[in-house]
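S.K.: Take a look at the letters that make up each chain.
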Amino acid sequence: MSNQTPHDWLNEHGDYLYRFALARLRDTHLAEDAVQETLLAAIQSQTYEGKSAPRTWLTGILKHKIIDLIRKQSREKPSEDLSQTVADEGVVDEFFNESGHWADRPQAWAAPDDELEQKQFLVILQNCMDRLPKKLSRLFLMRDIFEDDNQAICKELEISPTNAWVMLYRARMGLRKCLELHWLET
Amino acid sequence: MLTCKQASELVSQSLDRSLTRSERWSLRFHLLICVACARFNRQLASIQAVMNKWLSDTERNEHLQLPLQAKLRMSQALESEIAASRHRP
Numbered sequence: 098m099s100n101q102t103p104h105d106w107l108n109e110h111g112d113y114l115y116r117f118a119l120a121r122l123r124d125t126h127l128a129e130d131a132v133q134e135t136l137l138a139a140i141q142s143q144t145y146e147g148k149s150a151p152r153t154w155l156t157g158i159l160k161h162k163i164i165d166l167i168r169k170q171s172r173e174k175p176s177e178d179l180s181q182t183v184a185d186e187g188v189v190d191e192f193f194n195e196s197g198h199w200a201d202r203p204q205a206w207a208a209p210d211d212e213l214e215q216k217q218f219l220v221i222l223q224n225c226m227d228r229l230p231k232k233l234s235r236l237f238l239m240r241d242i243f244e245d246d247n248q249a250i251c252k253e254l255e256i257s258p259t260n261a262w263v264m265l266y267r268a269r270m271g272l273r274k275c276l277e278l279h280w281l282e283t
Numbered sequence: 618m619l620t621c622k623q624a625s626e627l628v629s630q631s632l633d634r635s636l637t638r639s640e641r642w643s644l645r646f647h648l649l650i651c652v653a654c655a656r657f658n659r660q661l662a663s664i665q666a667v668m669n670k671w672l673s674d675t676e677r678n679e680h681l682q683l684p685l686q687a688k689l690r691m692s693q694a695l696e697s698e699i700a701a702s703r704h705r706p
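Heads up: the protein sequence lines correspond to chains W and E, in order. Quick note: the first sequence uses my numbering, first residue 98, plus one each step. Quick note: the second sequence uses my numbering, first residue 618, plus one each step.
Treat the hints as calculated values from the structure; they're not laboratory data. Some hints here could point you the wrong way.
Straight-line Cα separation of at most 30 angstroms, DSS-like style, residue types lysine-lysine; simulated pairs [said to hold, decoys possible]:
#1 E:670 / W:216
#2 W:231 / W:252
#3 W:169 / E:688
#4 E:622 / W:169
#5 E:670 / W:169
#6 W:274 / E:688
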């Protein structure tokens, strides 16, 4: 173990871990829970060998805690259950006709260039995210956690990688359409 | 030949996994000849770029801190966990 105490972890990395969790869970209470669970798990675990920076190590634990929380939530609220995905099949099919061509062709929009435009774009993007089914926006927000280890994380979430890609696809289709409607207007 | 629907799925998946060589080639070809899918590809890329930037900005935003209450609560929880772990073999 390093000579840092768990209280040092809280003081030096607590805020960072909180921001990491908050960005992906978008819920202050859940984010606090995730941080607390992470620190407690860190005390119990003997895996820290000083090979990586404490922050990297703690963030690694946090990622799993975020997944745990999401899985717990999906058990409590069936509407947010990640493993139930088939119901909203129609959503994407609206965009294509039977031969697989665009029925609703993407309209041109200007990519957000400068900082101000990126800010405006982000506000609209977040509004659009709130309109998505919660499980889709959740998965979309944690997709960078997936990049670490696709297979293992899907297993923890009890979904197949194929299902995850389908959900991310639906999330992007929904977001893109919503941005097309609202970003163009600004 | 890919349909636009298949191409759009590959565009999305290319952000989440490495496409196989043949998927890459057929997608590349489709994007060369299909204006709508090429546009779709650029739009998804810019959504992803803005998202990534927002995530890393949020992680660096020092104004965003654990509420004091939560910090105190955690500090106590750590204290009792440390005490408990001393009694464990």
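S.K.: Next, verify each hint and record whether it holds.
M.R.: Do the hints match the structure? See the list:
no.	hint	in the structure
1	E:670 / W:216	holds (11 angstroms)
2	W:231 / W:252	holds (20 angstroms)
3	W:169 / E:688	holds (23 angstroms)
4	E:622 / W:169	violated (34 angstroms)
5	E:670 / W:169	holds (28 angstroms)
6	W:274 / E:688	violated (40 angstroms)
Hint violations for this structure: numbers 4 and 6, all remaining hints satisfied.
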